[in-house]
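> Each residue of the sequence shown is one higher than the last, beginning at 1 in the UniProt record's numbering.
No lab work stands behind these hints, which were simulated from the structure alone.
Among these hints, one or two may not hold up.
Said to hold, decoys possible - Derived pair list, reagent style DMTMM-like, types lysine to aspartate or glutamate, alpha-carbon separation capped at 25 Å:
no.: 1; residue 1: Lys-40; residue 2: Asp-81
no.: 2; residue 1: Lys-46; residue 2: Glu-28
no.: 3; residue 1: Lys-24; residue 2: Asp-86
no.: 4; residue 1: Lys-70; residue 2: Asp-5
no.: 5; residue 1: Lys-17; residue 2: Asp-5
no.: 6; residue 1: Lys-70; residue 2: Glu-22
no.: 7; residue 1: Lys-8; residue 2: Glu-114
no.: 8; residue 1: Lys-32; residue 2: Asp-81
no.: 9; residue 1: Lys-17; residue 2: Asp-79
no.: 10; residue 1: Lys-16; residue 2: Asp-79
no.: 11; residue 1: Lys-13; residue 2: Glu-28
no.: 12; residue 1: Lys-16; residue 2: Asp-5
no.: 13; residue 1: Lys-16; residue 2: Glu-114
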Amino acid sequence: MNLGDLHKVWEIKALKKPGEEEAKKFLEQIAKQVQPIMRKHNWRVKLLSEFCPSNPSLLGLNVGGGLQIKLRLRRPNRDWDFFPFDQVLDTMLHELCHNVHGPHNASFYKLWDELRRVFLSFLLLSLFSSSSFSFLS
């Protein structure tokens, strides 16, 4: 087994409500997108789950330094109205920062900015390495 395989999201769980399968696929895509960052930082998340807190401005929660990350995927009281993927992905990056920094201080925001830059570089690298850009080689 490749040790890099340990640094990932281990389990995914969506809420049992309309659109549950779509929500699970959404979470799976989020987990897949952040896995290179998790490998780089040796982070593991046991459970990535959807949640719907009563506070409508709460978009994510990190429990136990990465033991569980909870993400709000849908707008309050609208089961089929999912937030844009990039917004939820940014929330996931935010929550991953809490694996290292609890409070929202300068160190936290510095790491969050770094994760955003790294993610964009991974994204650009994957775009330019796809066959659609083979004329560049």
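> So which of those numbered hints doesn't the model satisfy?
1, 5, 12, 13
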